[in-house]
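Could you build the full structure based on these sequences and the hints that come with them?
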Amino acid sequence: MESVRQGIKQSLVSIGKDKNHNNVAVSVNEMEVSDGESESTTVASNQTTHEDVASSTTLTKSTTITRLVDYERLTKITRTVKKLIVKLDDYDEDDWDRVLSTAQFFGLQITTFASKIDAFASGAHSSASAALASSQVLLEIGHNQAKALSPTFVALYELSMLLSTISRIRDLERMPNHIKEAAAHILCELVHLVGCIASYYRQKISNLRPGDSITVSFDAAFGQHIDDIWKAKDDLCDRVWQWSLGVKTFSISLKSVRQRLQPSAGPSVRNTLYDEVSEHLDRSEDTCNWIKDHLTGFLNGKDKALNFWGGAGVGKSVLAEWVQERLARPLGYRSYSVLSYNFPWDSPKEATSLACVKSFVFQLLDRSVGDVEFYGRLVQAFETYSKTLNAEGLEKTLWDTLHTGLHASESVGTSFFLLTDGCDEITGGSKSAVTFHKTLQGCVADLKRTRIITFSRKVDGLKDVKSFQINEKEVHEDIRSHLKQTLSKSRHYHNVTHDNRENFINDLVAKSKGSFLWAFYAGRLISREKTCDNFLAAAKNISADVNEVLRIAVEKLNIKQNETIKYILSFMLITNTPFAVQEISELLSTDLQKHCMLSTAFNISKFVSENCSDFLIIRGGRFTSATLSSSHTSEVFSGSPSSQKRKLTRS
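The sequence shown begins at 177 in the numbering used here and counts up by one.
Worth double-checking, as some hints may not be accurate.
[Claimed, not checked] Straight-line alpha carbon distances no greater than 25 Å define the calculated BS3-like cross-link-like pairs of lysine-lysine that follow:
no., residue 1, residue 2
1, 736, 706
2, 614, 634
3, 572, 639
4, 431, 407
5, 742, 770
6, 732, 706
7, 639, 468
8, 716, 649
9, 480, 706
10, 634, 478
11, 624, 468
12, 642, 624
13, 424, 563
14, 642, 607
15, 689, 634
16, 706, 665
17, 732, 665
18, 431, 525
19, 716, 732
20, 732, 782
21, 649, 689
22, 572, 431
23, 732, 689
24, 478, 639
25, 480, 572
26, 706, 716
27, 572, 614
28, 687, 716
29, 614, 478
30, 642, 468
31, 480, 607
32, 634, 525
33, 689, 665
34, 665, 716
35, 407, 356
36, 614, 639
37, 634, 480
38, 639, 607
39, 687, 732
40, 607, 624
No lab work stands behind these hints, which were simulated from the structure alone.
In structure tokens:
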């Protein structure tokens, strides 16, 4: 199996620029409109670890390998060559690196899954080889089409995550034939999808003449196929649960347990996938790598908890997402399953320890398909709560249940990380944050393969936690990469010489003072300039004050001429909890004069994506914007939130 993986890696790395399609352009439109974001499902396949191999191998000779401590030439020569390559006008580092890394992960997941299926269905390995061949056909389109290939391979990356979930189903090969057939069916569907994508793209490109371009709608071409794969996955899980339960019944159905753990209705499967793709693409590929050394050091040490902290705007959430994705791939000869939770700043009910443990348990239940004992413990917890309505008691029981579930998964070789972002936003303030950390640490104290990583602003009073401050020095190169990716979307960026580009990027990085918030809005303001002269002038003259940059960004919204934007942003300013997409859609579909609803519902998702996506995003079917809630943006929208409320009332 290891030789197969190495072969995949070598074949992917060796593929370079395709010389046959230099003069054609392809773009891929993943979706028309997104209506939400998924609960993160970062899972890794249960790979054989370095320790497992060592424990099962007979040692015949002992050899001590001495590492070169101060030998730095390899690092230096890598940087030198990298700088030479990025100076080439036709080399897009971010997109091609992303294509290769996601293709490699997809190949690893599908070969691992095929190995599991091959235990009871002949031809699984051949099917995986067909999928890898299809991937290679896509890669051979060449790095000139990296911008088109990147979203496609990120979509395959996200699809391959469900394979890792299925690979973890215990004793799948010993289950009845109808279950094994359902599992093999998923492999067939995914292999077929990749083949169709490769064939479709090749046909489109082969029909192009030099200088032509084409836009491919991924959703129109393959959206239904994606739905079918997800339905097949749900069908398999239902079959496993039915077989595992047998004649045993519980007072609360599995569906009801899931709803009690995560009551909010999720978005459609396609939009869930496309949101994950968009988030992946929004983050520059060549960022956050500095944190890998800290992760490796943490993994090699004895600490159980690691806290990354920093001020507002330093990119903590970006780092949290990167760490989550990086842990999904083998790190230090081991793969990890990550249970994550983001504490929302705009929803006090969800910014609690109870909401966090519910989310952790929900994710673990999804990865414990057929674990009747785990399901039974959850039923008991909710039965007791129904009688007592004791929320504190329910929370304690859920933490205990989480501990038991993690211990059971550890016993079959799974390693876990519990990852949180923004626990400083927890209801109750810093005291509650410290208490939450203690509870989290207590849950994993005696677990050998489970650790904790948290991202937050500074929380005083944490004990037995390894802490690291994120400061300007750490994020300096990340901001540089982000600005390059954002500005490279403007044609004017490519009309400037390499040296001049480097100079004004250096100036912008210095102005950012380590603030990703500043870099985000500054980059978008500059990239939207219409002429090359204005582009360069904006880059030179833009203020280093984040408040001033935000003021300009708000002015660009043209609120006075667009009342719909004004209403939406005003709604966001006066609410204490985030509006659902459906709620604002209904508000804007109301005819106040006729006292009735408009015949056609207002497409709020499309409107936001086209007019104010820099300030509003949709997560889990709800609007959110930490930037909009800040005092400086509130003032730009004509004063305090209370004044906005008075204006709305009068109107």
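ask   = Which of the numbered hints are not met once you compare them with the structure shown?
value = Hint check: 9 and 40 fail, others pass.
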